Every structure is written in C-alpha cells, then in structure tokens.
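**Student:** Protein sequence lines correspond, in order, to chains A, B, C and D. Under my numbering, the residues of the first sequence are numbered 28 to 158, in order. Under my numbering, the residues of the second sequence are numbered 28 to 158, in order. Under my numbering, the residues of the third sequence are numbered 3 to 282, in order. Under my numbering, the residues of the fourth sequence are numbered 3 to 282, in order.
It should be emphasised that the hints constitute simulated quantities derived from the structure, not laboratory data. Mixed in with the good hints there might be a few duds.
Said to hold, decoys possible - Partial pick of chain B residues on the chain C-facing surface, computed with a CB cut under 8 Å:
no.	residue
1	Leu30
2	Asp31
3	Pro33
4	Arg49
5	Phe52
6	Pro82
Stated by the list, open to error - Capping the alpha-carbon separation at 25 Å, the derived lysine to any residue pairs in SDA-like fashion look like this:
no.	chain 1	residue 1	chain 2	residue 2
7	B	Lys63	A	Lys68
8	D	Lys181	A	Pro82
9	A	Lys32	D	Ala280
10	C	Lys216	A	Gly142
11	D	Lys181	A	Gly142
12	C	Lys170	C	Pro92
13	A	Lys68	C	Gln97
14	D	Lys216	D	Phe41
15	A	Lys140	A	Gly117
16	B	Lys140	D	Lys181
17	A	Lys50	D	Glu79
18	C	Lys181	B	Arg49
19	D	Lys5	A	Gly117
20	C	Lys33	C	Gly98
21	C	Lys170	D	Gly114
22	D	Lys28	B	Lys63
23	C	Lys181	C	Pro92
24	A	Lys32	A	Met47
25	C	Lys50	C	Met69
26	D	Lys226	B	Leu136
Predicted model only: the values in this text are computed from it and were never measured. Glycine is no exception: its CB is placed at the ideal position from the N, C-alpha and C atoms.
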Amino acid sequence: MALDKPYQDIPGTTVFDGEMARKGFHLNQFCMSLQKEENRKAFFADELGYMNQWPMSEEQKQAVIDRDLTKLISLGGNIYYLVKITMAQGMSVAHAVSMMTDMSPDEYLEMMKNGGRSPDGNRYVGEQQNG
Amino acid sequence: MALDKPYQDIPGTTVFDGEMARKGFHLNQFCMSLQKEENRKAFFADELGYMNQWPMSEEQKQAVIDRDLTKLISLGGNIYYLVKITMAQGMSVAHAVSMMTDMSPDEYLEMMKNGGRSPDGNRYVGEQQNG
Amino acid sequence: MAKITAGVGTSHVPLLGRIIDINQSKTDDWKPIFSGYDFTREWIKNEKPDVVVLVYNDHANAFDMTMIPTFAIGCAESYAPADEGYGARPVPVVQGDQDLSWHIAQSVIQQGFDLTIINQMEVDHGLTVPLSMMFDQPEAWPCKVVPIMVNTVVYPAPSGERCVALGKAIRNAIASYDKDINVQVWGTGGMSHQLLGARAGIINRDWDTAFLDKLSNDYEELAKIPQTEYIRETGTEGSETVMWLIMRGALGENVKEIHRHYHVPISNTALGHIVLSAED
Amino acid sequence: MAKITAGVGTSHVPLLGRIIDINQSKTDDWKPIFSGYDFTREWIKNEKPDVVVLVYNDHANAFDMTMIPTFAIGCAESYAPADEGYGARPVPVVQGDQDLSWHIAQSVIQQGFDLTIINQMEVDHGLTVPLSMMFDQPEAWPCKVVPIMVNTVVYPAPSGERCVALGKAIRNAIASYDKDINVQVWGTGGMSHQLLGARAGIINRDWDTAFLDKLSNDYEELAKIPQTEYIRETGTEGSETVMWLIMRGALGENVKEIHRHYHVPISNTALGHIVLSAED
Ligand SMILES: [Fe+3]
Ligand SMILES: [Fe+3]
C-alpha cells in the first residue's frame with residue numbers, strides 16, 4: 028500500500044482514508060440515497076431489492092441487513108453515511124455508536140454521562156485498550 | 028461592484044466572472060441539460076416549453092430561441108455552455124463563434140485561415156478595434 | 003470598509019439542534035448546556051453582525067462520495083436545510099451574501115487557495131446548529147451567511163497551518179471589501195468525539211481545555227498539530243476541531259477571550275464554545 | 003520508485019478529435035497538423051509511460067455550475083468519455099490508477115494544496131483529444147491516466163505561480179511513491195484562442211512562440227503572467243495555457259526540449275505542442 032498511514036498505531040478506530048473510500052464507494056452512495064423520504068420507504072419495504080441498485084458486495088449487503096456497523100466500517104462504510112440507516116429507523120446516533128463497543132447502549136450512555144472514555148490506554152495499539 | 032476586474036479594459040470580450048456566473052446560473056444549467064440526447068430531442072420539439080423547467084428570464088429564453096449568442100453572453104451565458112445549443116443542431120463551433128463578430132461565417136473562416144485576428148488594436152478599449 | 007469584529011467557536015452537535023427544534027432547550031435537563039450560550043445570545047444582539055462567515059464541515063449531506071472538496075465556499079443566494087435522513091430541520095432558510103461570497107472567492111483563490119465555488123447547496127447541522135445555538139428560534143436568521151465548507155470526513159483533512167493561512171486570506175479579502183459591514187467568523191465542529199469502533203466515546207477534557215487556552219495567543223502552536231494527533235487524543239471525529247483555526251486566523255494577531263463554555267457529554271461529544279473579539 | 007521522465011504540452015482542440023474519429027487525420031488536408039505529432043507518436047512507443055498525469059480543464063461537461071473546483075484529482079477506477087452535446091466520442095474508456103491517484107491526492111493535500119477528490123467522473127475532449135493525438139485509435143489506451151482538472155472556465159483560474167507549485171508538489175508525491183513506474187505529466191489546452199465576442203478569433207503567434215521558448219528554462223518568468231495578460235494577448239480562452247505550467251513544475255529544474263510543433267489555425271485555435279524530457 029502506497030499510502031502513508033501514520034494513524035495505524037491507534038487502536039479501536041478506522042480512519043476513512045483513500046483505501047476505505049475505494050472499498051466503500053457504492054456502500055456509502057447507497058447510504059446517501061436514504062436522504063430522500065421515498066428512498067427510505069423503498070429501502071425498508073425491501074432492503075435487499077433496494078440495495079441491488081448499487082454494485083455493492085454481497086458481504087456489504089448482508090452487513091447492512093444485519094445492521095452490523097463494525098463490519099460495515101471494515102468494508103469501507105463511513106460512520107456519517109452509515110448512521111443514515113440507523114437514523115432512518117429512529118435509532119439515536121449514540122445507540123448506534125454503542126453497538127460498535129463492548130458495552131450495551133445503557134452502559135455506553137452511562138460511561139458518557141460520567142465523562143466519556145478516557146484516552147488513557149487508547150492512544151497506541153498494545154496499551155491496555157478501551158479501559 | 029466589489030469584485031476587482033482588471034480585465035475590464037479589454038475590448039470585445041466578456042470575462043465569465045462571479046457577476047456573470049450569478050446572472051447566467053439557470054441559463055447555463057439549462058444548456059448543460061443538452062448533454063443528454065433525450066433532452067436535446069425534448070428541447071428541439073418545444074424550445075420554450077423545455078426551457079420553462081428553469082427559472083430563466085424571459086429575455087434569456089427569447090435570446091436562446093433567437094440563437095442570439097451576443098445577447099446570451101451579456102445575459103450571463105458562458106460560451107462552453109452556449110455552444111451546446113448550436114452543436115446539438117449540428118453547427119460548428121467556428122460558425123457559432125463567427126455569429127458574434129461583424130463577419131459572415133465564411134469571412135471569419137477566411138480570417139482564421141490567414142492567421143487569425145491580430146491582437147494589435149484589440150488589447151485595450153479605445154484602440155482601433157477588431158481590425 | 004468591511005471589518006471582522008469577532009470570532010465564535012462552537013461544537014455543532016446535531017442533538018442540540020433537535021432539542022431546540024422540539025422546544026426542550028429551556029428545560030432543567032438541558033439548562034447546564036444551553037445556559038453556557040446565554041452570554042453569547044445577549045452579546046450578539048448588541049453586536050448585530052451583518053454577515054457570518056461560517057466555517058463547518060458537511061456530514062455526507064450536501065456532498066456525497068462523488069466529489070470531496072478540501073475547501074469550498076458557498077456563493078448561492080440562499081441555502082435550504084438538508085434532509086439528513088429523518089427530515090429537514092424546521093429552521094429558516096439561510097440567506098447568503100452573494101456579493102461578499104464572490105468577493106472572498108476571487109480574492110482567496112488569487113491569494114493561492116484552491117477553493118471550490120458552490121452555486122447551489124443545502125446545508126446540514128454543521129451550519130444550522132451553530133445558528134440555532136446563537137439565535138434560538140427566530141422567524142428568519144438575523145444575519146446573512148457565507149458558508150465555508152471544509153473536508154474533515156475523508157482523510158486527509160487540511161492541516162492546521164493551512165487552516166490558519168486560509169483564515170488570514172479571508173481576513174485580507176474582507177479588509178478589501180468596499181461595503182461598510184460588520185462580519186463575524188465562526189469556527190465550528192469538535193471538540194472530542196469518536197463515533198466508531200471499540201474506542202467510541204473518547205473524551206479528552208484536558209486536551210480540549212488546552213486547545214481553548216491556546217487559541218487566543220498560541221494558535222500558531224495549535225496549527226502545528228497533525229491530524230493523527232487530533233485522532234489519537236480527541237477521537238477520530240474530534241479532528242473537526244481544526245476548523246476553529248480558520249476562525250482564529252481570520253481575527254488578526256490580537257484577540258480577547260470574552261466568553262467560554264465547556265460541557266461533557268452531549269450524546270457522544272464534548273461541547274466547546276468560545277467567543278473572541280478582534281482587537282486589531 | 004516511481005519517476006517522472008518527461009512532459010508533454012499540447013492543445014486539446016475538439017475538432018482534431020473529431021477528425022481522428024471519422025478517420026480523416028491521414029488525408030492531405032490535415033497532414034500539416036497531424037504530421038507535427040509523428041515524432042511524438044514514435045517517441046512514446048519507446049518511452050511506454052505506465053501512467054500519464056493528465057492536466058486539463060473540463061468544458062462544462064463533467065462539471066456544471068453547481069460546483070467549480072479550482073484543482074481536482076480523479077481517483078476513480080475508470081473514466082468514460084462524456085457526451086458533450088452531440089454524442090460521446092467513440093474512444094476507449096480511460097483507465098485510472100487508483101493507487102497512484104490517492105497517493106498523489108493525500109500527499110498533495112498534505113503539502114498545502116486544496117484539491118477536490120473525484121471518485122466518479124466522465125472526461126471530455128480536454129482529456130481525450132491529447133490521448134488521441136499521441137496514440138491515434140488504439141483498442142485500449144496504452145497507459146493509465148491520473149486526471150488533474152483545473153478550472154479555467156470561471157474567473158479566476160489559479161495563478162501561474164500556483165500551477166508551478168502544484169506541479170512541484172505532484173513531483174514530490176511521485177518521488178515518494180513506492181512502485182517502480184514510468185510517469186509522464188501532460189499539460190493541455192491553449193494556445194491562443196478567443197471564442198466569444200467581437201474580438202473572437204484572436205491568434206498571437208509571437209506570444210505563443212515566446213511561451214514555448216521560455217517553458218524550458220524561464221518558466222518562473224512565465225509563472226508571473228496574470229490571467230488578464232493571457233486574456234488580453236492570447237484571447238479569453240487562451241488562458242487555458244496556464245495549465246502547461248503544472249506540467250513544467252512537475253519536471254524538475256533541468257529539462258531538454260526534444261520536439262516542438264505550432265500550427266494556425268485549427269478552427270478558432272492556435273495549436274501548440276512540445277515535448278520535454280526531465281533531465282534531473
Ligand atoms: Fe461535525
Ligand atoms: Fe480547452
């Protein structure tokens with residue numbers, strides 16, 4: 028890979044760089060279409076059929092159906108695009124975000140209320156993480 | 028006008044700056060639509076009806092119908108956009124361009140064949156022009 | 003001549019727009035957050051800016067993956083609020099200032115900034131939430147807006163140094179504008195937030211506080227922070243905070259901090275807010 | 003490591019694309035024009051560039067008035083020829099080099115250039131005519147292309163100095179690319195032409211010749227020419243020629259001119275063509 032990636036030693040995140048943007052192009056364009064109410068309706072009426080308008084991979088389509096945000100991020104989805112799916116079904120962004128952690132939505136909200144996750148232990152791969 | 032316009036002393040041209048881009052926005056967007064074959068057909072079938080899809084001024088619409096390129100330029104049209112109209116009807120760019128000069132298409136082509144219009148006399152307003 | 007009189011920094015958390023839109027912002031639950039804007043709301047009633055140059059990033063609303071400008075400037079007559087996936091915000095259409103936008107665009111491009119000129123665009127919470135924080139729920143926004151859109155979604159974002167330099171170029175442009183108007187520059191986005199992955203929820207109060215401390219007089223030091231450090235220290239989406247440096251660069255050398263507010267959390271995010279008056 | 007070995011400058015007159023497409027380019031009428039490319043067509047068969055970084059301006063085809071990037075870079079897998087108003091050119095789809103495009107995009111943005119990243123785009127005669135001039139009518143283009151799109155349609159275009167600087171930044175980016183490939187940079191557009199108004203048809207042979215003369219060793223002097231001088235001296239659309247300076251900036255300090263061709267007129271335009279080898 029020719030891209031310089033100085034952020035690769037940061038644990039627990041995926042930076043949306045050129046490599047991810049290439050992987051996720053059609054996935055993210057599909058998400059973008061959910062800006063329109065008529066498209067949201069069409070998507071929820073037939074998720075797979077709706078997604079077939081874009082040349083997404085089967086893996087991407089299944090991960091959308093599963094609402095597997097962690098997987099979708101690894102397949103090139105960008106969080107601002109992906110939350111259009113969960114927002115369209117009425118889920119809060121905090122709830123959607125919590126699904127990528129090892130906490131329940133309530134535990135995640137409780138952590139946030141208590142000042143959020145400390146960066147300590149989450150700066151470098153190999154430190155104690157997510158603590 | 029707050030824009031700095033150092034080119035205002037150049038005769039016989041209109042620089043497509045912010046002022047012109049604002050004037051001509053819808054006119055140029057209409058021209059752009061002629062990139063599509065089905066739109067070209069629809070335009071030639073009913074020019075005014077087709078143009079009514081854009082909030083163009085009556086003056087702009089009439090000048091399109093008249094193929095008055097000089098007027099269209101003064102109303103904010105950009106030449107690259109405007110020639111989509113004339114190209115769509117099979118007119119060469121040189122022919123279209125000649126319509127803005129005081130020459131016939133043949134005279135214009137003859138001038139070009141002989142080396143084009145000299146910049147001498149055409150650099151500053153007030154010089155002998157277009158000679 | 004036109005003059006930049008002040009700068010505002012503020013997070014643009016979508017949830018706060020929602021709370022205002024459903025008329026909950028005066029309830030006790032939300033008071034600790036909104037009361038931090040009381041000062042600014044009074045102050046701006048007296049300041050009466052004619053135009054706000056509003057620096058923000060789009061969040062996959064006006065721009066999709068087709069074209070990603072690093073810096074864009076809105077030159078439209080007006081900007082409607084975007085449907086971000088659950089209906090557009092019920093806020094007034096934002097009125098542009100086409101004369102000033104085109105003047106800035108031309109001047110700044112000629113100063114060596116490679117702006118994308120935008121003639122038609124909708125605006126998302128990045129632009130409308132700061133207006134709501136400052137002006138609450140008016141019939142019409144009390145000022146015109148020149149949107150400056152910055153890419154912070156696709157890596158790499160512009161560097162801090164480039165952002166400061168753009169701010170300075172905007173300052174030059176406004177200083178050469180021949181209408182006698184009062185201009186503010188707002189920098190929005192941030193502060194700490196991480197919206198994805200196992201480390202979601204990162205908040206770095208110390209880092210954010212140091213950023214606010216240094217913004218007035220040590221902003222050239224802040225300008226040297228690389229995007230990777232924003233990501234590491236404040237969360238991946240925390241790197242939005244770099245946009246505040248465009249605001250700071252536009253204010254000239256001497257500023258006075260006249261208000262500050264910091265609150266954790268709003269949803270996933272640390273909220274920061276600062277008001278700086280331009281003293282040059 | 004990747005290396006820029008040569009630069010090509012050429013006008014991109016749409017009529018010449020048309021003449022090639024209708025198989026008329028070998029007729030006596032057109033020989034004086036096309037024979038000026040005979041050298042280059044032989045030369046490039048030996049050079050075999052893997053990738054051409056192709057600098058051009060769009061002419062209201064990929065971009066409409068909604069968004070006007072000053073500098074944009076194509077990062078797509080491929081680029082189809084655009085329908086410019088009379089059907090798309092019957093030429094091969096242009097293949098991109100996504101690895102190299104994204105590498106250049108990231109590197110050049112981090113060097114302080116505010117590129118717009120383009121992930122999907124059609125390309126017009128500005129990009130496809132130079133390919134036809136160099137490669138005639140192949141089944142597939144023999145190299146990949148990284149499109150660099152420059153705004154020269156809406157005033158102001160980027161300055162000559164900014165174009166040279168962008169070329170130098172592209173050179174840095176390619177020098178740090180870890181694949182062993184042969185890269186050429188082409189600058190296209192110009193030379194003299196004026197497509198509108200009473201002064202349509204302006205051709206300034208002396209000015210164009212001086213530009214070609216200075217391109218090798220006095221390009222920093224050319225970089226100081228303001229857009230208004232291009233307009234005044236070479237016609238309003240002649241200001242496209244500024245794009246050649248991106249090519250020149252990318253070649254390093256020492257170049258050797260190995261071929262030149264100049265012809266008046268093609269339709270409304272003076273055709274210029276130059277080949278420079280990079281000697282550093
Ligand atoms: Fe944001
Ligand atoms: Fe051109």
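**Student:** Each hint needs a verdict: does it hold in this structure or not?
**Tutor:** Consistency of the hints with the structure:
1. Leu30: Since the shortest Cβ distance to chain C is 6 Å, the answer is holds.
2. Asp31: With a minimum Cβ separation of about 7 Å from chain C (threshold 8 Å), the hint on Asp31 (chain B) holds.
3. Pro33: violated, 10 Å
4. Arg49: holds, 6 Å
5. Phe52: holds, 6 Å
6. Pro82: violated, 11 Å
7. B:Lys63 with A:Lys68: violated, 29 Å
8. D:Lys181 with A:Pro82: violated, 29 Å
9. A:Lys32 with D:Ala280: violated, 30 Å
10. C:Lys216 with A:Gly142: Between Lys216 (chain C) and Gly142 (chain A) the Cα gap is close to 22 Å, so the pair holds against 25 Å.
11. D:Lys181 with A:Gly142: Violated, at roughly 46 Å.
12. C:Lys170 with C:Pro92: violated, 34 Å
13. A:Lys68 with C:Gln97: violated, 31 Å
14. D:Lys216 with D:Phe41: holds, 21 Å
15. A:Lys140 with A:Gly117: holds, 22 Å
16. B:Lys140 with D:Lys181: Answer violated: Lys140 (chain B) to Lys181 (chain D) is near 48 Å, above 25 Å.
17. A:Lys50 with D:Glu79: Holds. Lys50 (chain A) to Glu79 (chain D) sits at ~12 Å (cutoff 25 Å).
18. C:Lys181 with B:Arg49: Holds, because 19 Å separates the two Cα atoms, which is no more than 25 Å.
19. D:Lys5 with A:Gly117: violated, 52 Å
20. C:Lys33 with C:Gly98: violated, 32 Å
21. C:Lys170 with D:Gly114: holds, 15 Å
22. D:Lys28 with B:Lys63: violated, 31 Å
23. C:Lys181 with C:Pro92: violated, 32 Å
24. A:Lys32 with A:Met47: Satisfied, since the Cα-Cα distance of roughly 12 Å is no more than 25 Å.
25. C:Lys50 with C:Met69: violated, 35 Å
26. D:Lys226 with B:Leu136: Not OK: Lys226 (chain D) and Leu136 (chain B) at ~34 Å, beyond 25 Å, violated.
Hints 3, 6, 7, 8, 9, 11, 12, 13, 16, 19, 20, 22, 23, 25, 26, counting from the list given before, are not met by this structure.
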